[in-house]
Structure formats: C-alpha cells, structure tokens
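Colleague: The primary structure of each chain is shown beneath.
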Amino acid sequence: MQKRNTYTEIEDFLSDESFQSWILLKIDNDGWEEWTLESRQRAKLVEDARHLLLAMKVPDSKLSTSDIRRALETTWLKIEEKENQKDLSENSNVKFLRKCFLNGVAATLIFGLISVWSYKNYFHTDNKVVTYKELIDENSEGLVEQTNNSDKPQIITLSDGSSVLLQPNSKLSYPKIFTGNERKVYLSGEGFFEISKNPKKPFYVYANEIVTKVVGTSFRVKAYSDQPDVEVLVRTGKVKVRSNEMISKSDHEEIILLPNQALRFVRNDLKFNKITNITQDVELAQSVGNIEQLSFEFSDIPVSQIFETIEQAYLVDIDYPKDKLKDCHLTTSLSDQPLTEKLKIVCKSIGNNTSFEMNGNQVIIISQGCN
Amino acid sequence: MKTSTVEFSTFDDITLWTSLKEGDEKSFSMLFERYYADLVSYGNSLSPYHEKVQDCIQDVFTDIWVYRNSLQHSVVVKAYLLSSVRKRIARLHERDHIFRKATNTDSIAFLLEFSVEHEFIDDDYATKEKVTYLNKLLNELPPRQKEALYLRYHQGLSVEQIAEMLDVNYQSASNLLYRGLLALRKEWKGTFSLFLLLSSSSF
Numbered sequence: 001m002q003k004r005n006t007y008t009e010i011e012d013f014l015s016d017e018s019f020q021s022w023i024l025l026k027i028d029n030d031g032w033e034e035w036t037l038e039s040r041q042r043a044k045l046v047e048d049a050r051h052l053l054l055a056m057k058v059p060d061s062k063l064s065t066s067d068i069r070r071a072l073e074t075t076w077l078k079i080e081e082k083e084n085q086k087d088l089s090e091n092s093n094v095k096f097l098r099k100c101f102l103n104g105v106a107a108t109l110i111f112g113l114i115s116v117w118s119y120k121n122y123f124h125t126d127n128k129v130v131t132y133k134e135l136i137d138e139n140s141e142g143l144v145e146q147t148n149n150s151d152k153p154q155i156i157t158l159s160d161g162s163s164v165l166l167q168p169n170s171k172l173s174y175p176k177i178f179t180g181n182e183r184k185v186y187l188s189g190e191g192f193f194e195i196s197k198n199p200k201k202p203f204y205v206y207a208n209e210i211v212t213k214v215v216g217t218s219f220r221v222k223a224y225s226d227q228p229d230v231e232v233l234v235r236t237g238k239v240k241v242r243s244n245e246m247i248s249k250s251d252h253e254e255i256i257l258l259p260n261q262a263l264r265f266v267r268n269d270l271k272f273n274k275i276t277n278i279t280q281d282v283e284l285a286q287s288v289g290n291i292e293q294l295s296f297e298f299s300d301i302p303v304s305q306i307f308e309t310i311e312q313a314y315l316v317d318i319d320y321p322k323d324k325l326k327d328c329h330l331t332t333s334l335s336d337q338p339l340t341e342k343l344k345i346v347c348k349s350i351g352n353n354t355s356f357e358m359n360g361n362q363v364i365i366i367s368q369g370c371n
Numbered sequence: 001m002k003t004s005t006v007e008f009s010t011f012d013d014i015t016l017w018t019s020l021k022e023g024d025e026k027s028f029s030m031l032f033e034r035y036y037a038d039l040v041s042y043g044n045s046l047s048p049y050h051e052k053v054q055d056c057i058q059d060v061f062t063d064i065w066v067y068r069n070s071l072q073h074s075v076v077v078k079a080y081l082l083s084s085v086r087k088r089i090a091r092l093h094e095r096d097h098i099f100r101k102a103t104n105t106d107s108i109a110f111l112l113e114f115s116v117e118h119e120f121i122d123d124d125y126a127t128k129e130k131v132t133y134l135n136k137l138l139n140e141l142p143p144r145q146k147e148a149l150y151l152r153y154h155q156g157l158s159v160e161q162i163a164e165m166l167d168v169n170y171q172s173a174s175n176l177l178y179r180g181l182l183a184l185r186k187e188w189k190g191t192f193s194l195f196l197l198l199s200s201s202s203f
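Protein chains in written order, with our numbering: chain R, 1 to 371; chain V, 1 to 203.
If you are wondering where the hints come from, they were derived from the structure by calculation, not from laboratory data. Note that beta-carbon positions come from the ideal geometry of N, C-alpha and C, so glycine has one too. The reader is advised that the hints may include incorrect statements.
To be verified - Rough simulated footprint, nothing fancy, chain V against chain R, three-plus residues with beta-carbon under 8 angstroms:
id	stretch
1	6 to 15
2	54 to 66
3	229 to 242
Stated by the list, open to error - Straight-line alpha carbon distances no greater than 16 angstroms define the calculated EDC-like cross-link-like pairs of lysine to aspartate or glutamate that follow:
id	chain 1	residue 1	chain 2	residue 2
4	R	Lys78	V	Asp63
5	R	Lys200	V	Glu25
6	R	Lys57	V	Glu117
7	R	Lys62	V	Asp38
8	R	Lys201	V	Asp38
9	R	Lys201	V	Glu33
10	V	Lys26	R	Glu73
11	R	Lys62	V	Glu33
12	R	Lys62	V	Glu51
13	R	Lys57	V	Glu51
14	R	Lys201	R	Glu80
15	V	Lys78	R	Glu17
16	V	Lys186	R	Glu9
17	R	Lys82	V	Asp55
18	R	Lys57	V	Asp38
19	R	Lys200	V	Asp38
20	V	Lys186	R	Glu11
21	R	Lys171	R	Asp226
Claimed, not checked - Selected chain V positions facing chain R (in silico; Cβ < 7 angstroms):
id	residue
22	Tyr36
23	Val40
24	Trp65
25	Val66
26	Tyr67
27	Asn69
28	Val116
29	Glu117
30	Tyr125
31	Ala126
32	Glu129
33	Lys130
34	Val131
35	Tyr153
Work the whole structure out from these sequences, hints included.
Modeller: See below:
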C-alpha cells in the first residue's frame with residue numbers, strides 16, 4: 001500500500017483495486033479514508049477519482065447462481081457433443097481410408113473375405129459365448145472383485161463416486177482406482193449403474209458379449225452367463241452399446257439407447273434387438289427393480305422420508321439424529337445421481353454442519369439440525 | 001431449499017488454469033462460475049442479441065475444455081476469456097452480415113451505457129449533479145474509447161492487454177484511454193468551479 005503515496009493522476013486511483021472496492025463496495029481494508037485526510041491536495045484528487053468511478057457503473061448481468069449453474073450444465077453437454085463429433089470424424093477418416101484401400105486392391109478384398117469366412121467359421125465351431133472369466137483374464141490389471149452371494153442387492157461405490165447396485169448371484173470386477181482415460185468394469189449377472197458424469201473419461205461395462213459405454217447416466221445391465229440373453233435398460237441419459245471385439249472384430253455396430261429404451265442381445269445368433277417400448281416387453285416390465293420404480297424428485301418432503309426412500313432403493317441402513325432432523329423439509333431432485341452424490345446433496349441441503357460416513361451398507365449422518 | 005454458496009475464491013486463476021489443462025473438471029467449473037456473469041455483461045455490451053451472447057460464451061468454454069491440451073501455459077485468464085468472447089461475437093456478426101465487407105473485430109461496436117452508482121452517493125446535491133454530468137460525458141465518448149475505459153477500469157486489464165484485444169499497438173491503446181479521460185477532464189475543470197459557485201451560493 002506504499003504505492004499509493006506516489007499517485008499523482010486520477011488514472012492511478014481508477015485502476016487501483018483496493019481503491020475501487022472502497023468506493024464501490026465500501027470495503028476499506030487499507031484505510032483509504034484516513035490516508036485521504038492526510039493531505040488536502042490528495043483529498044481533491046481522491047474526490048475526483050471517486051466521482052468518475054461512480055459515474056462509470058456497469059450494469060450487472062442479472063444472472064443468478066442457478067442461471068450460472070444451468071449455463072455450466074449446458075456447456076458440459078456441448079463439450080460431450082463436441083468430443084463425440086471429434087471421435088466420429090476421426091473414425092470416418094479411418095473408414096474412408098479403408099474404403100480407398102479396399103477399392104484399390106482387389107486381392108486384399110478376396111483375402112479379406114476369406115479371413116472373415118474363416119474367422120466366423122472358427123467361432124461357429126468353437127463356443128462363441130464370451131464369459132466373464134475370459135474378460136477378466138484379458139484384463140488382469142489388479143482388479144477388485146465383489147461377489148454378491150446374499151439374497152439381497154448390494155451397493156458398491158466406485159472410486160469415481162459412481163454406484164452399482166449388484167443383484168444376488170452377481171459379480172463385479174473393477175479397479176480400486178480408475179486410471180487412464182477410461183473407466184472399465186466387468187459384470188457377470190445383474191447390476192444397476194449410476195455413473196458420475198465425466199465426459200473425458202467414458203465408463204464401460206463389459207458384460208459377456210456386449211460393451212456398454214456411457215459418460216454419466218443410470219442404466220441396468222443383466223448378463224448372467226447361464227441365460228440366453230444379455231439385456232441393457234436405460235433410465236436416464238444416453239448409452240451406447242456395441243458387441244465385444246472378442247466376438248466380432250469386423251463388425252463395429254453401435255446402438256444408441258435413450259431413457260426407457262432397452263436392448264436385448266440374443267447370444268445364440270449374435271443379434272441385437274432394440275426395444276423402444278419397455279412396458280410392452282413382459283420380461284423387462286416384470287423385472288424392474290426398486291430403484292427404478294422410486295422417484296427421487298422431492299418437494300418439501302421431510303428428511304426422514306427422503307432417507308427412507310434411499311434406504312429402499314439401495315438397501316442400505318441410514319442412521320441419522322431423528323430428533324434434530326424431525327422438522328427438516330427439503331425440495332430437491334436426486335434422480336440420476338449415484339448414492340454418494342445423493343447423500344452429499346441431502347447433507348449440503350440440510351446445512352453446513354451436516355456430513356455423512358459410509359461403511360459398506362451402513363450410512364451414518366452426522367448433523368446438528370437444519371437451519 | 002437452501003442454496004449453498006461454494007467458497008472458491010481461495011484458488012487463483014493461474015492455479016485453476018494449470019489444473020484445467022491437466023484435465024481437472026472442478027477447476028474448469030470454478031473458472032466458469034467465477035467469470036461467466038462478467039463475460040455475459042461484457043458480451044451483451046457488444047451485441048444486441050443477448051441469447052446468442054450466452055451461446056458464444058459457452059462455446060468459448062467448450063473449446064477451452066475440448067482443446068485444453070493446446071492451451072498456453074501462462075496467460076492472464078481474465079484477459080484471455082474477454083478476448084476470446086470478443087472474437088467469437090465478432091465472428092458471429094460476420095456470419096450474420098454476409099453482405100458486409102468489414103470482417104475484423106472493428107466491425108463490432110461497444111454499446112454499453114455506463115450508469116450512475118446512485119446508492120453510493122450519500123453526498124450533497126451538487127455531487128450527485130456532478131456525477132450525473134460526468135456519466136453523460138462518458139456515454140458520449142466514441143465506442144472505442146468507452147470500451148478501452150471499460151476494460152481498463154472495470155475489468156482491470158493492463159494497457160498491453162487492451163492493445164492486444166482491440167488489435168492495435170500499445171501507443172494507440174494508451175491514446176484511447178488518455179483521450180477518453182482528457183475530454184472529461186477538460187469539461188469538468190471548467191464546470192467544476194461553476195458547481196462550487198452554485199453549491200456555495202445555495203447556503
């Protein structure tokens with residue numbers, strides 16, 4: 001603040017942030033008031049600068065915090081779109097090159113046909129069913145495996161905050177910490193996935209013959225090795241499904257699923273069936289789990305009710321100070337959020353003095369009440 | 001529902017910029033939240049199409065993230081953002097006015113009207129009058145001078161940064177600023193004694 005003793009021009013003051021905040025915000029951290037009174041000449045200069053600043057007000061943009069949040073969300077969507085486009089154009093370049101190549105060299109074409117034929121033959125004679133074990137063996141990079149042998153679904157929280165509700169008789173293998181540019185997990189059986197949003201690190205679920213790719217959404221994958229079909233059902237967001245390279249290297253068919261659409265992969269003839277109306281499909285309609293039926297849109301609902309809903313959806317126990325929170329009501333939307341996100345949002349909404357701890361199926365809420 | 005404000009002023013721009021480059025989403029979001037409103041108000045002063053302005057600003061941020069690997073290391077983040085928004089809006093104008101020949105950033109004019117910070121004038125009538133008069137003078141300045149003043153004293157950019165943004169050399173930028181204030185100073189020295197006279201005679 002010694003700098004200001006050398007000020008001789010109005011401009012010097014105008015560009016001084018501390019001076020600006022004194023005039024425009026009335027925050028006088030540096031004792032401008034006193035400093036000004038030290039000399040008459042100075043007082044005149046300060047007065048002029050002050051008038052000019054007051055005459056230069058710039059209207060606010062009138063954006064609220066939620067406007068900005070929304071703009072940020074829109075921007076993430078734009079990013080996702082742009083990154084997809086980028087991927088696509090790279091892919092089409094490759095395709096274009098391949099096309100030229102094939103067109104030019106007939107011999108290659110014939111060779112290609114032969115190899116496709118022998119490739120298919122190979123898989124017809126062998127067993128073309130890809131199992132969980134094969135997938136895991138392919139990727140033995142220190143995975144953690146969790147098996148649900150109980151008769152109730154189990155919740156698994158992954159290192160990126162995503163949650164997986166693993167059904168009985170199902171297994172999930174996943175890395176302790178996701179590294180690199182992809183998040184890959186391997187499923188045998190059935191799981192309901194709620195993926196934390198991260199466009200730069202797509203999330204892949206490998207389940208038997210199919211690979212499901214998402215960036216942030218919720219969906220269910222059902223892939224029991226002893227059943228004839230593999231199913232994917234989407235609840236929110238957008239999901240891409242393709243077949244695993246292990247069964248079809250040549251065919252990179254990708255199917256996009258939107259909310260309330262499903263896909264069934266028939267393992268015998270390696271075919272995808274897209275189901276656009278899931279209510280019409282008896283098998284799917286029957287198998288909708290708790291979590292998919294429950295609504296997570298709350299308006300002015302007691303906290304106890306919200307916790308109960310979460311308990312039912314994820315089959316966890318939530319322990320919270322009932323007395324302290326008995327008069328707390330919340331309005332919030334928790335759809336499409338993994339379990340830990342849901343808890344984080346609820347705690348934050350209750351107040352600053354609220355936090356949670358999670359240990360397996362046990363959740364403990366620590367709170368001094370809402371404000 | 002209670003809205004919680006997140007405390008993020010603790011990280012400076014360049015720290016956030018560096019971790020953004022390394023792929024940290026949080027830093028991206030923080031910078032977005034820190035500057036979005038400000039960029040919108042600047043953008044609105046350059047274009048009458050306010051819905052498109054927000055679009056442009058979101059596109060600027062989209063490109064920052066998608067091409068984060070090729071971003072420069074040491075930048076003044078605020079200046080970079082303001083300048084990107086200006087370029088983007090200029091490009092939008094070009095597209096909308098296909099028949100117009102001028103295609104550089106000169107083609108956009110600074111439309112902002114400075115207003116008076118009334119609630120902070122707790123002085124006498126004469127001061128209020130004076131501030132209002134200064135405000136009128138400021139708003140009568142040519143758009144380029146006004147924009148230079150805005151960038152210098154409202155956004156806190158340096159003369160070099162302003163020169164770069166407005167695509168002129170250092171001297172021209174400092175001339176813009178100097179002339180902007182000169183006109184004011186001249187006017188107000190003359191009238192100031194008059195104001196004194198008036199205010200003293202009223203007692």
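Colleague: All the hints need checking, so say for each whether the structure fits it.
Modeller: Evaluated hints:
no., hint, in the structure
1, 6 to 15, "holds (count 4)"
2, 54 to 66, "holds (count 11)"
3, 229 to 242, "violated (count 0)"
4, Lys78(R) - Asp63(V), "holds (9 angstroms)"
5, Lys200(R) - Glu25(V), "holds (9 angstroms)"
6, Lys57(R) - Glu117(V), "holds (6 angstroms)"
7, Lys62(R) - Asp38(V), "holds (10 angstroms)"
8, Lys201(R) - Asp38(V), "violated (30 angstroms)"
9, Lys201(R) - Glu33(V), "violated (22 angstroms)"
10, Lys26(V) - Glu73(R), "holds (13 angstroms)"
11, Lys62(R) - Glu33(V), "holds (14 angstroms)"
12, Lys62(R) - Glu51(V), "holds (14 angstroms)"
13, Lys57(R) - Glu51(V), "violated (23 angstroms)"
14, Lys201(R) - Glu80(R), "holds (11 angstroms)"
15, Lys78(V) - Glu17(R), "holds (15 angstroms)"
16, Lys186(V) - Glu9(R), "holds (14 angstroms)"
17, Lys82(R) - Asp55(V), "holds (14 angstroms)"
18, Lys57(R) - Asp38(V), "holds (13 angstroms)"
19, Lys200(R) - Asp38(V), "violated (27 angstroms)"
20, Lys186(V) - Glu11(R), "holds (15 angstroms)"
21, Lys171(R) - Asp226(R), "holds (14 angstroms)"
22, Tyr36, "holds (5 angstroms)"
23, Val40, "holds (4 angstroms)"
24, Trp65, "holds (5 angstroms)"
25, Val66, "holds (5 angstroms)"
26, Tyr67, "violated (10 angstroms)"
27, Asn69, "violated (11 angstroms)"
28, Val116, "holds (6 angstroms)"
29, Glu117, "holds (4 angstroms)"
30, Tyr125, "violated (14 angstroms)"
31, Ala126, "violated (11 angstroms)"
32, Glu129, "violated (11 angstroms)"
33, Lys130, "holds (6 angstroms)"
34, Val131, "holds (5 angstroms)"
35, Tyr153, "holds (5 angstroms)"
Violated hints, listed in ascending order, are 3, 8, 9, 13, 19, 26, 27, 30, 31 and 32; each of the other numbered hints is respected by the structure.
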